[in-house]
Amino acid sequence: MSKYRNLTLVLALALAAVSLCVLLYGCRERIESFDTVDRLPRIRPDYSGIVLPPNIAPLNFAVEEDGLHYCAKIYSKNGGVIEVFSRSGKIAIPQEAWHRLLGNNRGQQLYFDVYVKGQSGRWSRYACVTSKIADEDIDSFLVYRKMNYTTIHFKGPMAVYQRDLRSFEEMLILNNSSYKGGCLNCHSFCRNHPDKMLIGIRSFKGYGISTLFIEDGKVEKIRAKFGYTSWHPSGKLAVYSMNNLPMFWHLGRTEVRDTVNLDSSLAYFLPETSQLKTSPEISQKEQLENWPVWSADGKFLYFCRALKPASDTKTTAGEKYKDIRYDLVRISYDVNSDQWGQAEEVLLAKDAGRSIAMPSISPDGRWLSFCMIDYGYFPCWQSDSDLYLMDLEAAEQTGKFEYRRLDISSSESESWQSWSSNSRWLVFSSKRDYGVFTRTYISYVDREGKVYKPILLPQKDPALYDSCLSTYTVPEMIIEPVKVAGDKLGRVIRGSSEVEVDMPITMATPKADLSEDF
Amino acid sequence: MKETSRKSPVRITTGFSREILFFVSFYLFLWLVIDSRFIYYGNGIISDCPVFFSGWTFFRETAFQPGGFVIYISGFLSEFLYYAWTGALVITALALCLYETTKAIINKTGARRFQGLAYVLPILVLILYSRYTHHITLIMAVLAALVFTYLYLDFRFAGKAKSFLLFLFMSIVLYMLAAAAYFVFAALCVIYELFFGRRWLMCALYLLSAAAIAYSEGVIFFNVSIIEAFSDLLAFSWKIVIRRNPRWEETLVLLYILCFFVPAVAILLGILRVFIKKEVFFTGRPSKSILKRFLATAFLFLLAGGAVFYSYDGETRGFLAVNYYAWHSEWDKLLKASRSCWSDFYVMHAVNRALYHTGRLATDMFAFPQHPGAMSFEEEVRAPSFKWKRFDTHMEFGALNLAEMDLTRCLELNGRRPMILQDLALIKMAKGDLDSARVYLGALSQTIFYSGWAKRYLAQLESDPNFVGDERIRYLRQNMLKKDPVVFESYHYDEMLEGLLEANKHNRMAFEYLMAWYLLNGQVDKIASNIGRLNDFNYMRIPRLYEEALLLYKGGGKTEVDLQGWEISAESAKRFNDFIEIYNRYSYDKYRAAKELWGSYGYSFLFYRFFSNYRQKKPNEQI
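Protein chains in written order, with my numbering: chain A, 1 to 518; chain B, 1001 to 1623.
In short, the hints are calculated from the structure, not lab data.
None of the values given here were measured: they were computed from a predicted structure.
Incorrect hints may have been included.
To be verified - Below, computed lysine to aspartate or glutamate pairings styled on EDC-like, alpha-carbon distance capped at 20 Å:
1. A/K483 to B/E1217
2. A/K205 to B/D1048
3. A/K320 to B/D1484
4. A/K350 to A/E272
5. A/K488 to B/E1217
6. B/K1455 to A/E64
7. A/K155 to B/E1061
8. A/K205 to B/E1249
9. A/K180 to B/D1048
Unchecked claim - Just the calculated beta-carbon pair ranges, DEER-fashion:
10. A/D407 to B/Q1478: 30 to 40 Å
11. B/E1061 to A/S411: 28 to 38 Å
12. A/E402 to B/G1532: 38 to 48 Å
13. A/R87 to B/Y1082: 29 to 39 Å
Unchecked claim - Taking beta-carbon pairs under 7 Å as the criterion, some of the chain B residues facing chain A (in silico):
14. L1117
15. N1401
16. L1413
17. K1431
18. D1435
19. D1484
20. E1571
In this text, a Cβ means the ideal position worked out from N, Cα and C, and glycines have one as well.
One chain only, chain B, in its complex shape (with noise of 0.2 Å):
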């Protein structure tokens, strides 16, 4: 199909008043409501998070495969995630990319009346990233193969062999490009040839040679599985389809929109071409009337707005924030995160690190949902993404070893992310296991936002091995075990904590996380028999929640308790005693009292000891 003919000044000015506003809006969407800085630390959440690290070894290994540049170039661009405007000016630019090589796509089949969809691709890159996925590597796969449809059909020559060869020699670029995302293009040359071109054999040959490219330069050259050799970055890849996120199957849904959509729209294009002959149909009138530029940029800020309402995942959000105040030791940040999710066992575990660092757990950690699962994961501990979130707890508390396997399991699902191999080189220093640290941190130097830390660590390798002036490493070890027991299928939480205050009495952590445990698990006389280590740290008086598992523990003076020179305050004691009655007065009706007590003690221990089942809702409801 001939080019149409020449837009009007008019609808120019229009088009290009529009997509300013749009991309602008669109770009302003990201950086200050999604923040793309906790996708970038999402792992565990956010599948499909290509790595990058500088130097020709890492270039070679990825590039020199069907679809390495790609991935390459993802991963490069995945690392300005890092900082929200960076990753959202990245995130723009391809949308933006994808919105011209549409439109221009759609201008060369002649229908420039319907450029209007090229905002769709723009749209759906949206809607997926409001729903906190990132497949930053199948939309620059699709957006290289939308580009070479472009340039095939600018440079398309009149003679069928000339066609046919440079469809050939940009076949053989783009699959080594984009992998199997090399049949979308093949597709829309296709598709172009038989509607607009109406090139029969052109199309019969562009079909036999594109699974034929595929075959032998993916199979043969590239010596990668068939299976790959036509899927790969494609939104049918098993790489891709293996994912088993929340919500994944709507997500599977826009990506094969995303891989799919242009040539749908060619090929309703091209239908409507054989059935409908005026050619104004296609190109449309211009238009001078305001209202309808007004109505039409209206329409396709309230399609772009209904999709992001209707996708936006504030759950997500509130869980990867989380999960980013955390990574970064920004407690009350991570705190008032947390209240959009805190029903999630994560949120609960990623709170008590938070109430622990604001010195704050064995007082108020009853303020929050709360449950045994949740501080050790250890029924969890088969679900992969787990082993994300306890880590970085793990560490602290110096169970150093733990940290370590699922650091590396996360390492295997995951990916050579930067943060994880940023605290296996942390824990290979610490147990001054130096040749592994080194190899971590030849691989960290290589990253962008870490190299800095890397080399700093490296040089301190050299000057002081020890690590003697390094504040974080000694903390590490002075906490680690130094005894060594084994784990064969699980580990029992509290003999782990009781090993690492055996080997240093004065880890707060571990102690207060072993206060924690019992009073999760009711066991009062744990809590009693435990007090003494009190005096190991310098509490100025017994912690709120301890005083009343103690007072629970006498039962009203029942039991004598060595409290070991510290004294349960009267204000906790009259607490106690109203907090009895009450609950007596109530004794046929547990709801009615839990009803009365909530005001005065639903923070309490007394409160989730008797009405565990009533704290699941969140605080400030009423039950």
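If we strip away everything but chain A, and leave its shape as in the complex, we get (with noise of 0.2 Å):
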């Protein structure tokens, strides 16, 4: 008796959600009639004239337009149409739906149908918002550190994630807290690839000043600084920075940070011999050697390099700090017999009338990005950074480097460039929309190195930006994720193990101490 009881309110229960779902489905909005508004509706981020990668996560967006209800209908011309209602505006695209559409309509444009429905309650079209599916994916992963907006003091939460771009979803790779506080220094990958990977720590509790190499899921811990990094392509050694960066502060203008370069020198690490070398070609005791980046064919390794000022002490350096301009330089490298070539310029600062900083090289080879401002090496703070680009290929014909500033760069600073592992995106942090906030943007570079528009990186909620007091910078692309992380990685920075390395280097520069570098 008790059995059939329970199997009745089983069925009751069943048919009252199916009677539930019928209601709610006869019940849902329906547009039949609209009028149309010649214009382009606001939405927020505003993804018209984008080009997008076929695998990213939802373009989800919030239509600032006065109304009860909104619709947006997305399409392309090989089918799928997506029909999203919603009453506050914001509109969220089904995952599973989007990537089939974009799936299917790769190379086409997207389209997408703003409606909105008035007071009177009538419906009103605004102008279709046309964006174009790209052809070639954007790398599934991207790393980067999240951190409050600060001007010095880093004892809050710091933590490198990677976000998978095909989704919203975003995964720790290693918070600071693992390690009682401190700083997360850059991180980089060899060629896109997780399974080499070196990030930098600096903990104020006890656990010193280190280096993380992560290889092939095994994590050792290199008791060294390591500055910007670069990773030769045959991943036999990586490029790194030693540099003494004290930050000094504006009274007067916007941005209140900023730093100057007070030494530094280029040396490598060598993962097989566990050695950390240098050459007086790219660390000479005149020059500011800094921001290596290695060509696709690792044969050629680029950097930044200035005249150190005569004096090095803060005061001196910091009156000097405005005449300090970066060229660009390379030097050529090989690989087998470990030997270096002379340094030849690129593009110097007095050509370009402005100071060269964080190159960066698509992984074919073709182009070479880089950030120019007014003066020094970081552009993250100075509101001129513009991104620029410059064809390797073509400077290899004609012998002359020639570059151009990329239409994309905005009124505020742009910086922190990398390319994914097809050199068809282009990801940067950007302060254009949200002042001190840094956020990431991704733009498509097609085959003759156009770039497009950017798009902001999505999330799942549109009006996260608008009050997320977290920055998002040094965003790094890779093709898979970076499978050791969390504690793993934290046990090895408390651990007492450490990589033995032979360090025979000995210049002007590197105290590892406590100093800001960034």
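Mind assembling these two chains? They're in different frames, but the hints should get you there.
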């Protein structure tokens, strides 16, 4: 008897659920007639005219028009319409349907029809927002550092995350609470692959300064501070900068923070022999060498270089901070014999009229993107920092390193660019929309080097950035997720085991103290 | 152990009255004496002040970590400290919950006679707040562990397998809610099974599974470090131990007691059970003696009163009160509150600000203890707590970037407190960095008490982005530095103030602070060279302290000073001559000179200049 009673109850519940679904379906909004508005709708982020990766997470957006109800119809040539209704104006696109739509329409236009139901109860349709779906995928994962906007004191939460660009999933790689707080420096990968990775840490609570070297799932701690790092494409070495970069502060301009490179040079790490080395060609006493980056074939190391100020005391150099401008140079290298050539000039600051920083080379070897600023080496704190592109292939043919400013540069600071493994996507940091709160943008670069309007890294909640007090910096694209993360890294930092490195480097710069490096 | 006999109606009534009396007194003390508003605004001094923002994003970021729910709820409850009465209500409710759960657990062990021990945790909470500390997250975490313990004891099955499953289920949930404070629950379950349930195997299983749950849920599932997995929301968590406030070691002991008091009591009762077989020892005999009941209540109040008496930190209260009144521009109250702690540099700093706002800085600043370091905080620049104490001054006289630097550092150290975000938003709006301001305002609009303010400004950003109609922003803008000097390790305070005067010669606060700085450093020549700036303001006469400095500079007519049309009053000249005469009379004995001059000149610049060593005492004291 009881058995039948339970069965009846289950059936009744199922029936109720089905009825509810039918009722909800019947009551859902339908747009049978509408007026037409001859302008684009105000949507945020603005997705008009962009080129988007076919494997990107849904580009959710918020409609900023007055209305009672909102609807977005998203469609393309090869079918698959997505219709999303919303009361708040936030359009949350279903992920599966989105990926289906994009997957079936590679290389096609993507259309967003936005409808708004006004106070009168009538729907209005705005002009269609059009964008294009690229043929080429973007690397699936993006690694970045998230931290508070701060003027110096790294005592707050700071972590490196990897974001699955195909969805909204954000996974932790390393949190600074794993070692009782401190700084997490730049992370670097070899050819967009997470199998070889370096990440620097500076603990304020007893774990010191070290660099984690992760190779094929194995984590080792190197008791040395690596600055800005670039892996040789062969993975046989990583060149890094050693810097003395004190911060200073502006009392009158909008961006408070600034920094000067008082002393620096380049060195390199050879994982096979656990050696740290340098060479006079990349660490000259009278020069400030910085921002190393390897050419795609590994034959040249590009880096920025400036003449060191006469004195290296903070104050004296500080007064001259505006005079320090960096050239872009390159030096040949033979990975088999570990021999360096002679540095040659690529682009001189005196010719460009500005200081060159943060070069980055596309994996296909054709494009060199970089930042230019009025002075110094650190574009993140210079609102005049713009993005530039140089065609290295053309330079090899003509012997002229020609470059151009990218139209995607804004009036605010652009920095930290990184290329996807297929060289079609450029990801960079910018302060264009959220002031001091740096966000990540993605731009498509076609085969001719045309760089398209950037997309703000999409979030599930399109309004997330409006109140997000974290900054997103050092974005690096990788093709697979980093597999060693969290406390596996934390344990190595806290542990006593270290790689014995042969470090004969005794240059002027490398005082491994807690001076502020970025 | 089985439940003991029912309570007699007399005991119920007495116990209930005592509880009501105790917790009503508890509430009134917190409301009227402690005043939670001082704690709410006491950033830089008060540690562990969790924040709260409405909305899914903050909930997701906060709650989905071990202990996240407790942190989230603690943040929400902490917001109620905004008002004294609601703050007291929240803390009293927590103390009451601690009391009730402890009592219920003790009763579950059958030791009803010892349920008076349940007052220990509320008294501990009282001590913590009397010391002006705020450890609501830890209190909440311990409370969650005790509630779960009670539920476990209540639902515990006779069958071992079922009990174990219950323990596992509760452990998984509690670890999510309260992180490592879950070990308090696990410890209590083990103690209960060991001493009262006599199920040895269960104890071993519980111990093993407690460690396994913390590891698997914390390290593997939530990806936190093993240190955090086993210590977060317990007294020995590095996030708590790291604090270095005054009297911190004592506070740490109190937090240890908070975490481990109930397990210690359970162990004690368990051991007593082993040796004492008489049930009546644990249940006690019903007593109808009014005297006994009175004495018990008196003892409780004596204990609580004594604890509060010894722990009450009047100096910190004064300090926090000064902080609160400075924040709310209640200058007269600030000057009054400063009397309990005015040797502190921050209090001196706040007092000068109050004196400026009440128009007394140029005449009465030496009526209060002074030190140049308290004005600029330069020497203390590395002490993080000092950042809290100067950004509002910097903001007021127009050094917006210095204020921003300090504010962002405070944000790093103390979390995203609404008051920091509010000031940062104001600075960004004043500087015209509206994109950044929008983000701060967006975050603030998700708070409870600052939401309205933020939404008003968000609307204004759309309607009046130049803030033409906003007096506060206009004031900040007109005083901002126009040039862009840079600061390396430190800056010269007077140069910064001069820069502000260069940007706006009518910046009265910068002027009075500059003159105060010169007075504090005895730079009378600078007073003389800047006296012409009086023309930029609406002074009726040369302020008294400046007159004294000018007279000293003139040295009785030896040096010529261009007063640019201003005159030194005859009264000041006479006072100066009298001072010098007395001073010269005792030139062989400075102490005697100071003693004689104190009565008439104790508050003067002259006294400060000649006897600054003696001026460390309070003005109403004899020297």
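Exercise. Failing hints, ascending?
Worked result: When the structure is compared with the hints, numbers 4, 12, 14, 20 turn out to be violated.
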